[in-house]
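Number of protein chains: 2
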Amino acid sequence: MEEQSIRVEERQDKKEKPKSEDLIFGRNFTDHMFVMDYTEGLGWHNPSIIPYQNLSISPASMIFHYGQSVFEGLKAFRTENGDVQLFRPEKNVQRLNQSNDRLVIPPIDENLALEAIKQLVAMDSDWVPSTEGTSLYIRPFIISTEPYLGVAPSHYYKFIIIMSPVGSYYKEGINPVKIAVENQYVRAVKGGTGEAKTGGNYASSLKAQELCEKEGYSQVLWLDGVEKKYIEEVGSMNVFFKINGEVVTPALNGSILPGITRDSVIQLLKHWDIPLVERRVSIKELYEAHQNGTLEEAFGSGTAAVISPIGELYWEGHHLVINEGKTGDISKKVYDTITGIQYGKMEDPFDWTVKVEKNSKVRQ
Amino acid sequence: MEEQSIRVEERQDKKEKPKSEDLIFGRNFTDHMFVMDYTEGLGWHNPSIIPYQNLSISPASMIFHYGQSVFEGLKAFRTENGDVQLFRPEKNVQRLNQSNDRLVIPPIDENLALEAIKQLVAMDSDWVPSTEGTSLYIRPFIISTEPYLGVAPSHYYKFIIIMSPVGSYYKEGINPVKIAVENQYVRAVKGGTGEAKTGGNYASSLKAQELCEKEGYSQVLWLDGVEKKYIEEVGSMNVFFKINGEVVTPALNGSILPGITRDSVIQLLKHWDIPLVERRVSIKELYEAHQNGTLEEAFGSGTAAVISPIGELYWEGHHLVINEGKTGDISKKVYDTITGIQYGKMEDPFDWTVKVEKNSKVRQ
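Protein chains in written order, with the UniProt record's numbering: chain A, 1 to 364; chain B, 1 to 364.
Everything hinted at is true.
Covered stretches of chain B, as calculated for chain A (at least 3 residues, CB under 8 Å):
(1) 27–34
(2) 66–72
(3) 142–156
(4) 174–186
(5) 196–206
Distance condition first, Cα-Cα at most 25 Å in a straight line; then the derived BS3-like pairs of lysine-lysine:
(6) B/K214 <-> A/K190
(7) B/K14 <-> B/K358
(8) A/K345 <-> A/K355
(9) B/K333 <-> B/K178
(10) A/K229 <-> A/K284
(11) A/K214 <-> A/K228
(12) A/K158 <-> A/K91
(13) A/K326 <-> A/K270
(14) A/K345 <-> A/K333
(15) B/K158 <-> B/K91
(16) B/K190 <-> A/K229
(17) B/K229 <-> A/K228
(18) A/K326 <-> A/K284
(19) B/K158 <-> A/K158
(20) A/K333 <-> A/K270
(21) B/K229 <-> A/K229
(22) A/K190 <-> A/K228
(23) A/K355 <-> A/K17
(24) B/K284 <-> A/K190
(25) B/K190 <-> A/K284
(26) B/K284 <-> B/K190
(27) B/K228 <-> A/K190
(28) B/K190 <-> A/K190
(29) A/K17 <-> A/K358
(30) A/K332 <-> A/K270
(31) B/K284 <-> B/K178
(32) B/K190 <-> A/K228
(33) A/K190 <-> B/K229
(34) B/K17 <-> B/K358
(35) A/K358 <-> A/K14
(36) B/K190 <-> A/K214
(37) B/K228 <-> A/K228
(38) A/K229 <-> B/K228
Keep in mind the hints are simulated off the structure, nothing from the lab. In this text, a Cβ means the ideal position worked out from N, Cα and C, and glycines have one as well.
Based on the provided sequences and hints, a complete structural model is requested.
So this is what it looks like as structure tokens:
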């Protein structure tokens, strides 16, 4: 397939940028956005970078009714010498197509999507903040736009990329959080959409999240939907436990999102010769490990927070305090290394970072 | 709560109406729509009937990313004497609030929602078609509109009602369809969102639907997500089986949508003293009933199709032909009675129909 070139329409009236110290997650958006349309028969066409603007969309658009949508999340980082770089962006565009397959959305050209991300970041590179812990969050997403009220795959879609300069995702930062095991609500089940990045999984999670926050917890620990025994994810992150010197994470089973940060953590641990195993982990096993003193660490992993240490786990009346409620050594080392690589402060032995070339931005 | 009055902005340039014989499901929309906004702190406000138009909405709106949405579907019918009536609309607004609760969307005022439906139908009553089998499909829905990329309940929503004059939902009409048992994909699971009317359930269903159509079947028969043994729904309908003289439908278990047509079928069967039981039904039981000749009828029920007879059921290599592939007596009687009541041709012993008063439409 011949690669399409991206049309660029530059904004004249640049927006005012928020100050670095005022940045909160996902509330401010940059000057431009990427948009590409899909029409049945014509395929994906007209890739364009245009001024950030509202969409004019029919109230009958299928996205409002039947939730056919997928999304991704990745970040651009400002290095100490002023360069801008992405972290494993090719993994995001690959996963977008995996999600597309599950949601019956036509696949995108991964090279074009990657090029769109790079050009958009280059175009708005002034928006990549430079203070500690800040970055430019990039949100590619696809929505079904056909105005039709029948349940069927849409014949029209929009692939859009928007970007938001962000501070830390959690107000607690890298400090440990308290989480609660969710026994009633289920995030996903084998045969469902749990391994795809689609809106319905997140909509489904809101009720449990609301209830756990009322009880004073930051996130819920999701159990599997079939036996309600095995750990799946924590909030919207993957999860790791260090038990008796070995790090354990739930194996990808069809209902767990294959996180890119998860994969990075696994590669790092293997690189460091830290024992790591992907397998089923039951909540009972965690409880017993805590009782006999071998539950040494726990942490979530995700693009937004990178690593979120778990200081306390609540399950059926038991408050399991982990590592005295402090950030563990592995959590810290993984966090420092991934963020070190992302910000160009540490060596990148895996070639995870991709530099954004400012001068390659317009290719008309 | 004091009831808010609905602001009306009438369209000047009326659209051309499609001919009755050209009507297809959910493709044409009437002259007006209802819109009401929700803002955290202010609540639901500014209920308005306005000309049917596109929405101008931020690409960061949460609906595009995290799928927080609910919807309903009901119909207005033209009776022989020219009146327009609704079928059990109060059940739809009640269920909308049940769905809202699961999706963490603030509840709507049910009286106001009902009034909005009535006024909108009255306003566009010329759009209610009059030929056999046609009706005006009404689609109330709520979407999360806050421009924010964090996973949390939205602080802004829109409650919208759009309407579409429709012919028959299935091109087969009341003719029996072939369906296939789905063994791989799952529609919903207990603890998920299966009993709510939210986009994610429908998005999740598209893949299995696509695969079954390739094999020549109209719909999939969904099994439970835990044991993959028990019948849940067929396509996006509830399902009934007549086994050895008794009608059986899956009991509402938390992952099955509480259908309004389902409830109407149950009430009718009880009214007619036809044995009816709500319980778990396994696919194995259906297979065995077919083998011993007691699987006498099967049909789906839903607002769009009313009743959809099942002529053949495919399961693990077995083609189970039901009632010689013909529409069964109960399917026919239920269909004739519900549509008879809907179109005002038959007595309405349950007070299911609600007349729309044309002259009460503007109340400023």
